[in-house]
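Asker: In order, the protein sequences belong to chains P and G.
In our numbering, each residue's number is its place in the first sequence (first place is 1) plus 707.
In our numbering, each residue's number is its place in the second sequence (first place is 1) plus 4.
Possibly wrong hints are sitting among the right ones.
What the hints assert, rightly or not - Per the computed footprint, the stretches of chain G lying under chain P, defined by three or more beta-carbons under 8 Å from a beta-carbon of chain P, are: (1) 21 to 33; (2) 55 to 65; (3) 285 to 297.
To be verified - Here are the simulated distance ranges between beta carbons: (4) P:L971 to G:D181: 25 to 35 Å; (5) G:G331 to P:D1095: 36 to 46 Å; (6) P:W837 to G:S359: 23 to 33 Å; (7) P:V997 to G:W378: 52 to 62 Å; (8) P:P853 to G:L360: 54 to 64 Å; (9) P:R1098 to G:L320: 27 to 37 Å; (10) P:W837 to G:R119: 53 to 63 Å; (11) P:E906 to G:H161: 22 to 32 Å; (12) G:E132 to P:W837: 49 to 59 Å; (13) P:A1033 to G:A55: 44 to 54 Å; (14) P:E844 to G:G264: 30 to 40 Å; (15) P:N910 to G:S359: 57 to 67 Å; (16) G:S242 to P:G870: 17 to 27 Å; (17) G:S242 to P:P951: 32 to 42 Å.
In short, the hints are calculated from the structure, not lab data.
Being a predicted model, the structure only gives us computed values, none of them experimental.
For glycine and all other residues, C-beta sits at the position ideal for the given N, C-alpha and C.
Chain by chain, the residues:
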Amino acid sequence: MLQQLFAVTMLNLRSLPSRWDTALVVVICLAGVSGVMVSMLSMADGFAAVFDRAGRADRVIILSTGETYETGSSIQRDQVAPLLSAPGMQRLPDGKPTASLERVTMSASKLAHSTGDGNLMMRGVSEAVWTVRPEAEIIAGRRFTPGLRELVVGRTAQGQFAGLDLGSTISLSGVEWTVVGVFQAGGSAFESEAWADVEVLMNAYHQSAYSSITALLESPSSFNVLKDAITTNPELSQSPIAEPDFYAAQGGTLGMAMRIVGWLVASIMSVGALFAAVNALYASVETRTVEIATLRALGFSSLPVVTSILAEALVLCASGAIIGGAIAYLLFNGYTLSTISGASFTQIQFAFLVSPALFSKGVLWSCGLGIIGAMPPMITAARLPIADALRD
Amino acid sequence: MKFIPLIWSMLWRRRARTVLTAASIAAAFMLYGMLQAVGSTLALGGKTASADTLLTTNRYGFGKPLPYAYRSQIEAVPGVRNALPGVIVPFSYQDSRTSTQPSVAIDPQTFRTDRRFVVAPDQIKAFEATRTGIIVGRDLATKYGWKIGDRITLTTHRIPRADGGIYWDFDMVGLFDYNAELLGEGVSSMRTFVRYDYIDETRAGKGSVDLFFVHVKDVAQVPAVTKQIDTMFQNSGSPTKTQTESEQQRSMMAQIGDVGAIIRAVLSAVFFTLVVVAGNTMMRSFRERIPELAVLKTLGFTDTKVAVLVGAEALLLCVGSGVLGLGLAWLILKPVSHAIAAVFPVLRMGDGVVSLGITFAFALGVVSAVIPVWHSARLNIVSGLSRR
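Same shape as in the complex, but just chain P (with noise of 0.2 Å):
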């Protein structure tokens, strides 16, 4: 038996090259499905991707309560010191806290490659923000001076922005900066960011107020200590969020709108081809008929003839997926794209990513098209009357 189907798998597949052209429609049809949903999750998960970089489960962010973004919080400076003192937060030998007091915000600044104005994010960091996300890396120059107009820009901003050359000076809001350092952050949403010393930047804005303060925890478990601390205190009206649940907020709505509107996109398109492939696996069990009939006339049982059929479909969706994705690979992979993100407005660069997880998801959707494609001619194969299509 299982001989049986082995050889009429075969048989049926090293016929294939004489029905070239409809091997071809359907090896096309599900190289374009399974390219354009690559590339379009490819781009949902390099978005995600970079916030998803730079949580660390035992990092939290301490913002006012009820806010899920730092442009809309405040820590007023008396607030600062229950804040700090509060328990399970990682202390340095000299007793002070692994905190950085952080200040954001917003200046409009001209774009590197259109005429435009974007939004550059400002961050004003304690100078304990190196340890604290020992992630960022200078990567030229230097870091800045703590009481200096001195900028540290990231170098996806770099990039973005015009005027951020190393050692130039530029205007930000009204305010003249120095850039004195280039620096990466593991590819995450902060080399989309210029860092200033945080007392600096509140003094030249004329703020009064923290946005956030981003502190090391002894171990991911203390959270919990930290957040009744902080929330049972009536002075303070601000909670702690982990890091991984910040960023899954921040790139949340966006992300999300773009792995639907991905999904979307693959699916309209895989029910258009499924019909194609369909029509095309049609044609070829058309063209197979007599040899089909001549098989279950010399004491073949159905089976065999059912699933060299599906076998073929299985093996031309593979291959066009395979041709798909290694297409959206060649086209898109490390393709970078920036987009605005958030209640802030903030320029963010992220790069396409088409990761082996994806391109056997494309492989995997385009054989369920296959295998449901393959359905009807099947059953057609099956109920062939063997004497009339012999006649034929």
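Got chain P; can you put chain G on it based on the hints?
Answerer: The following block gives chain G in isolation, referenced to the frame of chain P:
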């Protein structure tokens, strides 16, 4: 004309194949219609904005405050009819996490000046007389079941009240619709308008606005007025940036990323696939019918006539399915547009999308018919008949 029944029955010679091909073409055109709707929504900026309205915002970024005191200075500029303050308030109703709906705090005069909104005159009067008044978009009122006379409580964390609270009470005094003559049908009214003076006196920080709506007496004066306003505040603590609404929306869209390029890339993949699918169907259908076409020629049909018949069949299939797909897209877009009205006020296929779609369908028919038409014109009766 008399050949239409013939073309029709040629098309239905193989029912299953025609239906399947038509369905795949229709799916492609449905996708085309929906993607183009997204594209034209994003490009719509220039159309929903009126040419005589300028927006004055903070040069350092949208959302940064400007002093209210600028109002009288802007209104003193020659050519300016008025400068009305606006503050964007992201209010939520009930579940604060999901149902954020934008509200704009404005001067009640806005409804007398701005032709994009249609509000009954007695409701404008009621808004002018009620400090806590709120004018609600008709679609939003339907969604929440609000009626004129209702007291509506909204919350926001973004603008703290002077008393520290987050709840704001409003009295619903009217409904607004978008002006369909100006903006076209189908723009969902999913926002609310409240009074700037009420918000400003109740909130913690006072005296600032997010933007001014500057109405100019004559469109020709727009460039001069723009320049004069920005020059006036150039060296102040809050320099301004004045743009027409369409410029403002265009620069916003440019920052979202080149959505148009992504849509074009997807559609090229779709249409390339489609040419292969349709071309293959036509070719197969032609090959099967060689003897029949030979019979037609025997009966006295000229080469041209047979070729035209074959071509017409391809055109009928492609254009018919294309129109079907565009119709499906139109049907689907209606409810979808309603569901996402809070984010996108309009989601519809703009002018030209449908006609361009039909052009594409026509081109598809032509391309897929080229080879069969050529072959059928050259078909030799004897060899055609002997294929049987």
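Asker: Range first: 17 to 27 Å. Now tell me if the beta carbons of S242 (chain G) and G870 (chain P) are that far apart.
Answerer: Holds, at about 22 Å.
Asker: Given a hint of 30 to 40 Å, does the C-beta separation of E844 (chain P) and G264 (chain G) actually sit inside it?
Answerer: holds (37 Å)
Asker: With 23 to 33 Å as the target window, see if W837 (chain P) and S359 (chain G) comply at their CB atoms.
Answerer: Violated - the Cβ-Cβ distance for W837 (chain P) and S359 (chain G), about 59 Å, lies outside 23 to 33 Å.
Asker: Just to be sure I understand the hint, the distance between the Cβ atoms of N910 (chain P) and S359 (chain G) should be within 57 to 67 Å; is that true here?
Answerer: Between N910 (chain P) and S359 (chain G), where Cβ atoms are some 59 Å apart, the hint holds.
Asker: Is it true that the C-beta distance of V997 (chain P) to W378 (chain G) lies inside 52 to 62 Å, as the hint says?
Answerer: The hinted range 52 to 62 Å is violated for V997 (chain P) and W378 (chain G), with Cβ atoms some 30 Å apart.
Asker: Kindly confirm whether 25 to 35 Å is satisfied by the beta carbon distance between L971 (chain P) and D181 (chain G).
Answerer: Holds, at about 30 Å.
Asker: In terms of beta carbon proximity below 8 Å, does the segment 55 to 65 of chain G have 3 or more residues touching chain P?
Answerer: Since 3 is at least three, the answer is holds.
Asker: Taking 8 Å as the Cβ threshold, is the statement that the segment 285 to 297 of chain G is covered by chain P upheld or broken by the three-residue rule?
Answerer: holds (count 3)
Asker: Does the hinted range 44 to 54 Å hold for A1033 (chain P) and A55 (chain G) at CB?
Answerer: holds (49 Å)
Asker: Range first: 27 to 37 Å. Now tell me if the beta carbons of R1098 (chain P) and L320 (chain G) are that far apart.
Answerer: holds (34 Å)
Asker: Does the hinted range 49 to 59 Å hold for E132 (chain G) and W837 (chain P) at CB?
Answerer: Holds: the Cβ-Cβ distance is about 57 Å, inside 49 to 59 Å.
Asker: Could you say whether the range 54 to 64 Å given as a hint is met by the Cβ separation of P853 (chain P) and L360 (chain G)?
Answerer: holds (59 Å)
Of the numbered hints stated above, those contradicted by the structure are hints 6 and 7, listed in ascending order.
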